[in-house]
Amino acid sequence: MSFNIVVLAKQVPDTRNVGKDAMKADGTVNRAALPAIYNPEDLNALEQALSLKSKIEGATVHILTMGPARAAEIIRESMYRGADGGYLLSGREFAGSDTLATSYALACAIRKMGKVDLIVCGRQAIDGDTAQVGPQVAEKLGFPQITYAEDILNLSDNKITVKRRLERGIEVVRGPLPMVVTVNGSAANCRPRHAKLTLKYKHAATPSEKQEAGSDYTDLYDAHPYLNITEWGVNDIEHDIQWLGLSGSPTKVKQIENVVFTAKESKRLTASDVEIEDLMKELIANHTIG
Amino acid sequence: MNFFNDNPAIKFQLSHPLMQKIVTLKERNFAEKDKFDYASRDFEDAIDNYKKVLEIIGEIAGDIIAPNAESVDHDGPQVENNRVIYARGTQENHDALTQAGVYGLTLPRQYGGLNFPFVAYVMSGEMVARADAGFANIWGLQDCAETISEFASDDIKAEYLPRVCDGATCSMDLTEPDAGSDLQAVQLKATFNEADGIWYLNGVKRFITNGDAQIKLVLARSEEGTSDGRGLSYFVADNKHDHTVLVRRIENKLGIKGSPTCELVFNNTPAQLVGTRRMGLIKYVMSLMNGARLGIGAQSVGLSASAYNEALAYARDRRQFGKAIIEFPAVFEMVSNIKAKLDASRALLYETTRFVDVYKIYEAIESERKLSPEEKAEYKDYLKLADALTPMLKMFSSEYANQNAYDSIQVHGGSGFMKDYACERHFRDARIMTIYEGTSQLQVVAAIRHVTTGNYLKMIRDYDAQPINPEFTSLRKRLQIMTNLYENTVIRVNETKNQEYLDFQARRMVEMAGHIIMGYLLIIDASRDKEDLFRKSAEVYLNFGEVEVRRHAAFIKKFEVENVDVYKVI
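Chains as they are written, first to last, in the working numbering: chain F, 1 to 290; chain D, 291 to 860.
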């Protein structure tokens, strides 16, 4: 029996190691200065998918990512860890997408894939921190969704049981397939890249990448079909152009403020319990902590 | 942190001209490229494959092993019901490397390995040791699989090697309470049972690193009534944890605390003979030890790298008298000397490893087909080079690891004496490195014949003939003067024809040869390198080594044969 898992993953700028040139003068992210990485929580999602794959006979894991040509790296990174392959959704029509346009494009691509039993993705990406794309994809496909998943506990009789990590505790829920599950950063870390899979898939490429690289190893791709990464443009999916890219994105950035911490004044406190308690109250009140 | 990507000095070694020969021989002209989907297709592809896999190991070293090192050192392994339980971090490290499919790096693909040369394996060892020197032993014990691959029957290979690739742990069980440096005295008994055709092991082993491992290589006395090395054979035992191998205790050690050092009782343990009877010590253990010495070289260099990183970071960060302490000559000299010793021992490490690679690959090819006369001659040359450099590497790299760890604490001042900084762990971990797998004193015993036969001198002359960048001409001039001093010193000692005198001066002469060889390696590397990685170290090391060479030459010049007597202690 086939069981098809799709992982939605995103290549993001590494906002965890921000240097002084991380922002441009106009307040937008200087993507050139930040290394492009696999969105951390999408890696947690991939681990959930791979761990299901090892438990279910005939299960496959494919990655779907939307982005520029270089985002194919995300698909290879996934294959190094055990994914079967992936789809890169790419083209300038998708540029400028907010979460609504992104989820629309992803949903169109998923419909084209045929039978999909489970969609997993990270709770949110570290560049936008919206946590909207997963739930919106579920809505558009008409699938139920489980958010904040920490562990997929069980999968049987077409039902999935998931442990959710919530603000004040955990919750175990069950729901019918097909389902969208968004995975929390507290879930198991993703397994490392596997040496043999890395060497096997390191030449995997999209048609644009192969074109860019020239004619090296052309025989390789004919002999090993698994090295061909699917690349879809806007014409490969059924869509309504007005819902894509900038025109499909109602989100407008009104203003961006570059916050620079300038406070220089200091306050002297004694080690008395009263003063410490006052300080804690103050810090909580002005949202410095808590 | 990725310990491969952040270290251009390691990557540089992959660009050495000899790699072409090593890769082509190791890959048998890429014969397996259509047989295994992960096999290399050509030279560039092979080097890229090494980099890809070293990146995986570098990431695990930086992100998992290094952060675990402190708690592993603190918690250590435990013994429960005669079984070893690793510290939590140790298990996590091992599991990550197993999941990444990187154990069995050098083993043939037909047994699940990656068929990488030792150069790549030694790089992995250096990175793992930089993260946690104690864990480097558990990683490095896959050397055991290498001797199985070299000497065991096809059945044994098929039984054990794939398990190593799947993460089965290994140990080499040689030492006994009365057989340490002198392994000829091994007593553990191997008895062949005619009825079931199986060997059984009985006796005690001591100081066994990773002693509760799943796959054990055991040196045992198979010939009743013998008392020397020729009565010993080599066995492989599957430790099924069924009470035929008991861990009696683990040692409470100064350093490398994460690596369990066990006292073992063998109680009718079934085992299989590896290779030929009576060849256990003379052939197989010698080969195993040579591999292990290379491993200690990697471990030592990794530790030096870590000591250097800690010292440098602290010296840049710590401010006294209104400036960072790295700005004071007394401190920057120390830090530069650590770096120079690190770079010198690393240059020697990879030079030795390349020689080991070539001769080992020829040995493997010889088991498949007859070598041509040219290949045979080349095999012998590289074997000789490897034999000459292995003890020198083991001695120098381990001594430098200790000196560097000592100086790293000194750079930290009082803070370095506290448990708050990693340098105190490095200092404790380094201490065993000049001792195990043959003490520095025993490395001198192995190296001295290359002094007396002129082998080192010939190597030095060959290095001298290699092209270098003109800016290093004056350094080479100084090396030539050092070489003359060395040559004259050796003649003087040889002329006495006094064995005791030779033994007494042996270490000094081996050290002289070593300083000169490392000096040459550094200027040759610095000439080839385009990132300016080694230029400073070449000069700093030469300043250091030159004085050492002169010191030893002066000592020996004034030292008559009878002067040895004053050192004798009864």
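Hints were generated in silico from the structure; no laboratory data involved.
Treat the hints with care, since some could be wrong.
[Unchecked claim] With a Cα cut of at most 25 Å, we get these calculated SDA-like pairs of lysine to any residue: (1) F:K210 with D:F320; (2) F:K210 with D:D324; (3) F:K55 with F:K163; (4) F:K200 with D:N319; (5) D:K341 with F:L197; (6) F:K202 with D:G352; (7) F:K202 with D:N319; (8) F:K200 with D:N292; (9) D:K342 with F:Y217; (10) F:K267 with F:K252; (11) F:K202 with D:K342; (12) D:K323 with F:K163; (13) D:K342 with F:R70; (14) D:K323 with F:E209; (15) D:K341 with F:G85; (16) F:K202 with D:K666; (17) F:K200 with D:H384; (18) D:K325 with F:L197; (19) D:K341 with F:K163; (20) D:K301 with F:K55; (21) F:K53 with D:G457; (22) F:K210 with D:N292; (23) D:K342 with F:G85; (24) D:K666 with D:M749; (25) F:K200 with D:K342; (26) F:K200 with D:T388; (27) D:K341 with F:K267; (28) D:K341 with F:A71; (29) F:K200 with D:Q562; (30) D:K325 with F:A71; (31) F:K202 with D:Q310; (32) F:K202 with D:G612; (33) D:K342 with F:A71; (34) F:K202 with D:I337; (35) D:K325 with F:G82; (36) D:K341 with F:K55; (37) D:K301 with F:I284.
Do the hints match the structure? See the list:
1. F:K210 with D:F320: holds, 24 Å
2. F:K210 with D:D324: Within the cut-off at roughly 21 Å; holds.
3. F:K55 with F:K163: Measuring from Cα to Cα gives roughly 18 Å; hence the hint holds.
4. F:K200 with D:N319: The hint holds at about 19 Å.
5. D:K341 with F:L197: holds, 14 Å
6. F:K202 with D:G352: OK: K202 of chain F and G352 of chain D at ~22 Å, within 25 Å.
7. F:K202 with D:N319: Holds, because 21 Å separates the two Cα atoms, which is no more than 25 Å.
8. F:K200 with D:N292: This hinted pair holds, its Cα atoms lying about 22 Å apart.
9. D:K342 with F:Y217: With a Cα-Cα distance of about 18 Å, the restraint between K342 of chain D and Y217 of chain F holds, given a limit of 25 Å.
10. F:K267 with F:K252: violated, 41 Å
11. F:K202 with D:K342: holds, 9 Å
12. D:K323 with F:K163: The hint is violated at about 45 Å.
13. D:K342 with F:R70: Within the cut-off at roughly 18 Å; holds.
14. D:K323 with F:E209: Holds, because 23 Å separates the two Cα atoms, which is no more than 25 Å.
15. D:K341 with F:G85: Satisfied, since the Cα-Cα distance of roughly 23 Å is no more than 25 Å.
16. F:K202 with D:K666: This hinted pair is violated, its Cα atoms lying about 37 Å apart.
17. F:K200 with D:H384: holds, 23 Å
18. D:K325 with F:L197: holds, 15 Å
19. D:K341 with F:K163: Violated, at roughly 39 Å.
20. D:K301 with F:K55: Measuring from Cα to Cα gives roughly 39 Å; hence the hint is violated.
21. F:K53 with D:G457: At roughly 22 Å apart (the allowed maximum being 25 Å), G457 of chain D and K53 of chain F satisfy the hint.
22. F:K210 with D:N292: The hint is violated at about 28 Å.
23. D:K342 with F:G85: holds, 19 Å
24. D:K666 with D:M749: holds, 20 Å
25. F:K200 with D:K342: holds, 11 Å
26. F:K200 with D:T388: holds, 18 Å
27. D:K341 with F:K267: With a Cα-Cα distance of about 53 Å, the restraint between K341 of chain D and K267 of chain F is violated, given a limit of 25 Å.
28. D:K341 with F:A71: holds, 21 Å
29. F:K200 with D:Q562: violated, 36 Å
30. D:K325 with F:A71: violated, 31 Å
31. F:K202 with D:Q310: holds, 22 Å
32. F:K202 with D:G612: Not OK: K202 of chain F and G612 of chain D at ~51 Å, beyond 25 Å, violated.
33. D:K342 with F:A71: holds, 19 Å
34. F:K202 with D:I337: With a Cα-Cα distance of about 13 Å, the restraint between K202 of chain F and I337 of chain D holds, given a limit of 25 Å.
35. D:K325 with F:G82: holds, 21 Å
36. D:K341 with F:K55: Violated - the C-alpha atoms of K55 of chain F and K341 of chain D are around 32 Å apart, more than 25 Å.
37. D:K301 with F:I284: Given pair K301 of chain D, I284 of chain F is violated - Cα atoms ~49 Å apart, limit 25 Å.
When held up to the earlier numbered hints, the structure conflicts with 10, 12, 16, 19, 20, 22, 27, 29, 30, 32, 36 and 37 and fits the remainder.
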